[in-house]
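Engineer: Based on the sequences and whatever the hints tell you, model everything.
Chains as they are written, first to last, in the numbering used here: chain L, 1 to 547; chain D, 1001 to 1320.
In case anyone wonders, no lab produced these hints; they're calculated from the structure.
Check before you lean on any hint, since a few could be wrong.
Said to hold, decoys possible - Derived lysine to aspartate or glutamate pairs resembling DMTMM-like cross-links, with alpha carbons at most 25 angstroms apart:
#1 L:Lys-491 x L:Asp-166
#2 L:Lys-168 x D:Asp-1061
#3 D:Lys-1044 x L:Asp-132
What the hints assert, rightly or not - FRET-style restraints, in silico, Cβ to Cβ:
#4 D:Pro-1096 x L:Pro-328: 19 to 29 angstroms
#5 D:Ile-1055 x L:Ser-131: 42 to 52 angstroms
#6 D:Pro-1096 x L:Asp-132: 47 to 57 angstroms
#7 L:Arg-71 x D:Phe-1148: 37 to 47 angstroms
#8 D:Gly-1078 x L:Gly-169: 41 to 51 angstroms
#9 L:Val-68 x D:Ile-1055: 32 to 42 angstroms
#10 D:Val-1056 x L:Ala-441: 15 to 25 angstroms
#11 D:Leu-1103 x L:Lys-225: 20 to 30 angstroms
#12 L:Thr-302 x D:Asn-1179: 19 to 29 angstroms
#13 L:Ala-441 x D:Leu-1142: 15 to 25 angstroms
#14 L:Val-427 x D:Gly-1240: 46 to 56 angstroms
#15 D:Ile-1055 x L:Arg-472: 20 to 30 angstroms
#16 L:Val-427 x D:Leu-1020: 49 to 59 angstroms
Where is the CB? At the ideal position from N, CA and C, for every residue including glycine.
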Amino acid sequence: MTNPRDFDMQRAAGAVDLSLSRRPLEVSRRSLLRAGFAASAGLAIGGALASCSSAGSGSGSPQATPSVKPRRGGTLHGVISDSSSLNKLDIAYLDDTMDGLTHGLVYDWLVQIDQNFNILPGLAESWEPNSDGTVWTFKLRKGVTFSDGKTLTSEDVVWSMQRISDPKGNGAGLAIFQPYFGPGNVVAKGADVVQFSLKRPNFLFPQVVACAYAPVAQSNTTNWKNPATSGPFIVEAYNPGVAYTFRRNPNYWQSGLPYLDSLSFLTEQSQPTKVEAVLTGNAQLGDAMDASYNHAFLSSSTTDLLQAPGGQYPVICFLYNKAPYADPNVQEALRLVTDRQKMAQLAYFGAAQPVADIPVPPSDPWYPKDFPVPAADPEKARFLLKKAGQSGLKVTIYTSPFLPGIAEVPVLYKEMAAKAGINVSVVDVNETTYLSQVWSAKPSFMDIWLRQSTAILPPLLFTPRSPYNETRYPNGDIAAAFASAFAKPNKSDQQRLIGDALHLIATRTSEVIPCYADFTWPKSKHLLGITPSWQTVVDLKTAFLAS
Amino acid sequence: MVRTTWLFARRSIVAVFTLLVLSAVVYFASRLLPANPARAALGKTASAAQVHRFIVQQGLDHSALAGYLQWLGHVLTGNWGTSLLSQSPVVQLALPRLLQTFLLAVLGFIVGSLIAIPLGYLAGARADSRLDLAISSGIVGLAALPEFVVAVALLVIFAVELRWLPVTSGAIESTGYGNPLLAYVLPAASLGLVVVPQMARQVRITASEVAREQYVSAAVLRGIAPRRVALRYIIPAVAGRVVNVFTLTLAALFTGVVVVETVFGYPGVGQLLVTSIGNNDSPVVEFCVVLMGTGYIMLNLAADLFVIALNPRLRRTGVM
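Structural biologist: Given below as structure tokens:
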């Protein structure tokens, strides 16, 4: 059983959410992240909007300060399933959990972000927009050095931003940056000032450069096997798909951090082996796993779970350009058959929150107030289908076992839809077939997205020519609604207009989002100070091993 | 000696031809796979322009024949190319893993032999006895267990419950996860147990046959001690007859360790090969398949040479 003292220590360290610590959760794996990386989490609803958008400054850390005195030293051993031979240290590349984790260990960002999407200082100690939100100026902190001894300058930031936004490159976050800036929009103004001249106004722009795809490297880096880095740890050994070792950066700019001397991660693609490695103490941390293992960790005297709401969401996509899914009656009927509470309970063992077809969890600071989750109404759905001339609609939903936690969603949906006379069949395909022949190609298919900022992901999903637009939504209304929200300097206006845009998503699009699932990683009880991060998967800067 | 040399030369020519056919089949089959390496490398959120650029950069827009000939030309000059997905040199990516897999196969073979030979001999030399029945029943039971069951059972008993051995074989590659040498034990034992039935049955039936040979009966009738009969007459004859099967077992082990590697997180080539096939990363697949094919062919050849060496009649008749 959980030792109460240890549990309190973790609660103090911000590693445990009491309200959810006993709830099981489904998984995430490599392909899931490849399918749209952005690490997860957000521990609580907070009034966090304050510093999300406008100018800011300071020197704080996004982590909760543990009340238990952190212990210096020691080596953290981790086992990661979502890791592969494709892993790279290149800042433009982000494929899976290990990539996200590694980038978070060795690189820094212009700004950091906390679990409530507050923007905090990173390499930039202050930032401010011009009056219409089209020009953002970031002032860099002094005294940041790379592992080769060179001092960070604005040239490094400019070069990094140009690399990740190069339209001729293969940058993983290109679609995120392209609407706002390209290589020609970022310039150095002196040694410690970087200026972005945006293609369109955005008062939430710091959210964009805080995303997982925007770390900063040393300018003109070509040796991505052993780059000079400025993050809290330095790569010591990097064997993609096998083993990764990092040691503390003694010159890290955040004074006193990190606490750990070194970290060692192994690729362990067998979930049972990964689970046993943490349970037996061979390792102190593992990445996401099947919910069926949760109980083992919670009932052990030496282990528990790092858990937080709002990690990822499953979505049933219906292509807008395929009949009859552009019909509003059919769209509403497909939404109305969904019993969201039951879906969260059965598909995710309760470790999920029902949502009203919007890609934002209820714990998110932008989640609209008074946005009710609709109850299932199969009779009304049947009526709407009849009205659309689609009684007895036949739907084939393609899914893939590589999309963890969502295998159950289409099966449950099939049962729910049958009550409205919709005949659903579910087809499983393998991962490679899914990416090349199913995703955004079949009329209806399953997908899963990891959490990203509301200022980033929802607009991209419904911008007509965006590669994120998986349902081929053809209208510019949703993207325009978000754009107008981001162009408002006033926070209450932003909140109201984002709410309006989310309402459009919930009512005009051809997808069903029944719930938002939690984030769960297994860990040793002695590992404290660790927090989920939607910038770096988990934040290990403040992690320490209690004696 | 001349015949053996001729056999080696003839087999080498056939091997080269076989490898060419093998590489061609793998290459053209990979073109039929639905997997799109561009999507696998860039992810679903890559734009159409990015995907197109990747396809052109990697030469995937060429015809399959042109692509194969280009690959072959590079290989003949010693250039195995780079992985389509990771952009790492294929040799650098796969060779260390192939060597680890080969080591595991050899260790598994040794474990299997150490268990299978005594059991098979005891059962065969005392055919139809209770001991034979007990051993044969055990072997049938073991044969019924799939690799992953054996592997997980060993993992649970020796790593999880007894905690004598590390859970993950990652200890081989990184410090702090246990003794690196101990990390080989469970994968090798699992692999060895999987081939015990096949090897033990072969030893048993051969030992049973040899034990009934007239020269063995004559040796017994001459009053030679049973131990000496076994060491001098039965075991050498059995060894000569089973060496071929044993060598082929080693070859099969080399190509069949994927499950065991997966269960223990062993840093071999199995997972890399499966991932590369799934992502249609043809340079990696080609390298692995050709090297594994070479290993298989060499072991087959070695088996034949062993048989010839142990059976002088074959050297004279040249039936091989």
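Engineer: What are the numbers of the hints the structure violates, in ascending order?
Structural biologist: When the structure is compared with the hints, numbers 1, 3, 4, 8, 9, 13 and 16 turn out to be violated.
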